[in-house]
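Whenever a hint applies, use it, and build me the whole structure from the sequences.
So the sequence lines, in the order shown, correspond to chains G and R. Residue 1 is where the first sequence starts when you use our numbering, and the numbers rise one by one after that. Residue 1001 is where the second sequence starts when you use our numbering, and the numbers rise one by one after that.
By construction, these hints were calculated from the structure, which means they are not laboratory data. Certain hints may be false.
Unchecked claim - With the Cβ distance kept under 10 Å, some of the chain G side facing chain R (calculated, not the full set):
| id | residue |
| --- | --- |
| 1 | Leu-81 |
| 2 | Gly-115 |
| 3 | Gln-133 |
| 4 | Arg-137 |
| 5 | Gly-139 |
Said to hold, decoys possible - Here are some chain G residues the structure puts well away from chain R; computed CB gaps all over 12 Å:
| id | residue |
| --- | --- |
| 6 | Glu-19 |
| 7 | Ala-30 |
| 8 | His-53 |
| 9 | Met-95 |
| 10 | Leu-167 |
| 11 | Asp-198 |
| 12 | Gly-232 |
| 13 | His-235 |
| 14 | Leu-250 |
Every residue, glycine too, gets a C-beta built ideally from N, C-alpha and C.
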Amino acid sequence: MKEPIVRARDIRKSFGHLEVLKGISLDINAGEVACLLGPSGSGKSTFLRCMNHLEKIDGGQLWVQGERIGYRRSGNKLHELKEHETAKQRASIGMVFQQFNLFPHRTALENVIEGPTVVQRIPKEQAVEEGRQLLARVGLADKADHYPGQLSGGQQQRVAIARSLALKPSVMLFDEPTSALDPELVGEVLDVMRSLADSGMTMIVVTHEMGFAKEVGNVVHFMADGQLVESGDPHQVLEDPREPRTQAFLSKVLA
Amino acid sequence: MTLYTATEEEQNLSIVPARYRGRWVMAGVVVLGVALMVYGMVTNQRFQWGTVGEYLFAAPVLAGLGNTLMLTAVSMAIGIVLGIAVAVCRLSPNPILSSAAWAYSWFFRGTPLMVQLLFWFFMAALIPKLVLGVPFGPSFFEISTNTLISPFTAAILGLSLNEGAYMGEIVRSGIRAIPAGQTEAAKAMGMTRLQTMRRVILPQAMRVIIPPTGNETIGMLKYTSLVIVIGYSELLTSVSIIYSRTFQTIPLLIVAALWYLAVTAVLSVGQYYLERHFERGFTPMKAAKSLPGAAANARLKNGLPPASSASLAIPNGPAEELEKVK
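Here's what the structure looks like:
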């Protein structure tokens, strides 16, 4: 059997006394679009942030592309990696944030080439050329010299996606990528994500967009109270959920 | 659905900005007051403008000014570098580093600058010689503190270490003003902490850091006059030496004040350009700056319908609601 791109085993995480992840185990295969759904506070964003060690896990084990994230095992101990080692792992895991988090003092193109030139030390001319292609791919070739402050939310999020892609990641994490957008701008971002999925990118998407999950997702994981409640085919989970927690959530969302 | 079309007459309505007569009255009062003040100063013989002109470019005054500028530049440069280091240490996860940085700020902000200057100058009395070697072991190199500490080195040490403590707080406030999302985005891209600080955080923090740093620089320009207590000469020392001989105290103080004002003016211009440089990406869109009236006129010129009817023509959403209201 093929090695999954993401392998999570019994992931645990607490903030103080509050246990937000109570042992999550799942696999995500190459080329798969996995949507994490669930009520707010269910731990889905935290779980996503564990995958590139933005949050340190307190228990369990996590591999991305066969590489253990954030720790090195020797004997019975997991040693936390040094900062530059974690940084290297993160460069191959793309992440898109709810609030875009573009660098406001750099133009769209400068945002896109920042990772390749600073982290991967690719020559600037090459990075610029690839950066322009990426901006064209998200439909913003004409906005290369605009600053984030001059772009709409939807355009900013598309630049953010291009910025993540510039590092040629093996997997892309999306943390509620359309939640901060005006309703009429959601579509353009979902379109870019759809074409990204069509190109075969492995994507893990925390979202409230049920339509997107159903149409683009290969698998849906429903989380509640720090636990994985139900996983499966999007149509099955969203139209005919087995678990009472999933049913209760969906009846509220779709009502 | 019927669209509302503005009539020719309605389309040609022009906007008259509100007029504020009180502003003109106030402006008149201020201009009159300033004119009176200038007239009084120029005609008052006791200001001795002749003497002011005589000494404004005198060699000892210019030499003093040179020292003032040099002390300000060197102390601020060291102070800013120290300040960045102190701020980064303060925000470090290492508790020893952050407490050390806090203690440094506490000590150097908490004691008078004059005391610090005197302390450095008289350091030889406390520590007669400086030794380089293995701690508690043999020494390789020794130097008498008195040969190392001149009025100049004591002045630089005192001013820059004091400045570093203040700059540390200013830089820290700048760093903390940047939203956590910026650090997260940089981290997620695989940047190290140093890269994040240099490429993402500090360039943005500069917007917050520059105005108070301008304050500090202008303050430093005048604090340098405190080095008079350790016998180092600068602008104010130079003029005081002259007026203690000629008793022309007021005109010579005016000479010093004019130079301080001139340098402050130059520094303010420099600050303006620095601020403009780091403002990139943060200035509002150009389109937003143009007046609504101008935009409407431009539309008319280009043969487009006025914005009011154009927005009503949007097929759904607000237009429909407007129709309902009607």
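The hints, checked one at a time:
no.: 1; hint: Leu-81; in the structure: 12 Å, violated
no.: 2; hint: Gly-115; in the structure: 4 Å, holds
no.: 3; hint: Gln-133; in the structure: 19 Å, violated
no.: 4; hint: Arg-137; in the structure: 18 Å, violated
no.: 5; hint: Gly-139; in the structure: 20 Å, violated
no.: 6; hint: Glu-19; in the structure: 23 Å, holds
no.: 7; hint: Ala-30; in the structure: 21 Å, holds
no.: 8; hint: His-53; in the structure: 9 Å, violated
no.: 9; hint: Met-95; in the structure: 4 Å, violated
no.: 10; hint: Leu-167; in the structure: 6 Å, violated
no.: 11; hint: Asp-198; in the structure: 24 Å, holds
no.: 12; hint: Gly-232; in the structure: 29 Å, holds
no.: 13; hint: His-235; in the structure: 31 Å, holds
no.: 14; hint: Leu-250; in the structure: 29 Å, holds
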